[in-house]
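Starting from the known structure of chain A, arrange chain B on it as the hints suggest.
Number of protein chains: 2
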Amino acid sequence: MSASSHTHNHDPEEGLTFQPKFDASGLVTCVATDAASGDVLMVAHMNDEALRKTIASGEAWYYSRSRKALWRKGESSGHVQRVIEMRMDCDQDAVWIRVEQTGAACHTGRRSCFYRAVIGEGGEAKLTFIDADKVFDPAKVYR
Amino acid sequence: MSASSHTHNHDPEEGLTFQPKFDASGLVTCVATDAASGDVLMVAHMNDEALRKTIASGEAWYYSRSRKALWRKGESSGHVQRVIEMRMDCDQDAVWIRVEQTGAACHTGRRSCFYRAVIGEGGEAKLTFIDADKVFDPAKVYR
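Residue numbers (UniProt numbering), protein chains in the order written: chain A, 1 to 143; chain B, 1 to 143.
Among these hints, one or two may not hold up.
Copies of the same chain are indistinguishable here, so a pair counts whether it falls within one copy or spans any two.
[Stated by the list, open to error] Computed list of lysine-lysine pairs in DSS-like fashion (alpha-carbon distance at most 30 Å, straight line):
1) Lys21 x Lys140
2) Lys21 x Lys68
3) Lys68 x Lys140
4) Lys21 x Lys134
5) Lys126 x Lys53
6) Lys21 x Lys126
Derived from the structure by calculation, the hints contain no laboratory data.
Since we're looking at a predicted model, the values are computed, not measured.
Excised from the complex, chain A in its bound form (with noise of 0.2 Å):
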């Protein structure tokens, strides 16, 4: 490969190329985890607004569906998202972002949303409490 043409390479797979590939409602699909534990702490959507604030600001910044808004995570918490490190993965329709994260994740006031396991037991799938600590009470917070 020459020099030149790797330069051009606008592969999205393996080119050096920054190009989102945003689904029909225009969104990529964002996973946020704990830089320090590596645990998953949510999964939510970025448009490329909140992409280009996250990217500019270094604090995540989200696309609500329900809401159908740009948010910045932590505007009503205070639960802020710094971010370490982003990535994007082959087909450049998801990125995952490693960040610190002030308080707690999740909107019920758990460190992540992920605070239930799924156990399969004889062809049944049901839930069970895990890492469920509250770290902060979602009435007192959100008003």
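Quick look at chain B alone, frame taken from chain A:
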């Protein structure tokens, strides 16, 4: 809360009833992380059947949106994912599995699909390779 109301708590966020919230295409998002390193390996989707097969077999099954088909991870490559733990998020539209990954998760031959970091430079974003060594040669594995 009485014992009986607790048993019958079907609140998706606070209950223990497994009730995945599938999107319009019948899918939930699944994040697979490496149980050993905590790295995010891939983001993919599961339909009801993929979820049930994953829970029943202890190996990851997905639904491929591009191929419109159920897909046992590793069925072509041998690079299966043994599920150590499965968790569900607050509103039950995303699943997190911690897995033991045989070989590599990414079809490009890398251990993880997230082999490029996003770097912001003067308002522009670009990618840079990170942990991008290939574990296998896709041309030899997929024929």
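- Message: At most 30 Å between CA atoms: does that hold for lysine 68 and lysine 140 within a copy, between copies, both, or neither?
- Response: within (24 Å within a copy, 45 Å between copies)
- Message: At most 30 Å between CA atoms: does that hold for lysine 21 and lysine 68 within a copy, between copies, both, or neither?
- Response: both (19 Å within a copy, 19 Å between copies)
- Query: What label fits lysine 21 with lysine 126 when the C-alpha limit is 30 Å: within, between, both, or neither?
  - Reply: Between. Shortest inter-copy distance 14 Å satisfies the 30 Å Cα cut-off; intra-copy 35 Å does not.
- Task: Can you give me the call for lysine 21 and lysine 134, within, between, both or neither, at a CA distance of at most 30 Å?
- Result: Between copies only: 23 Å across, 36 Å inside.
- When no copy is named, should lysine 21 and lysine 140 be tagged within, between, both, or neither for a Cα gap of at most 30 Å? The answer is between: 28 Å across copies meets 30 Å, while 38 Å in one copy does not.
- Item | lysine 126 and lysine 53: within-copy, between-copy, both or neither at 30 Å Cα | between (39 Å within a copy, 15 Å between copies)
Violated hints for the displayed structure: none, as all numbered hints are satisfied.
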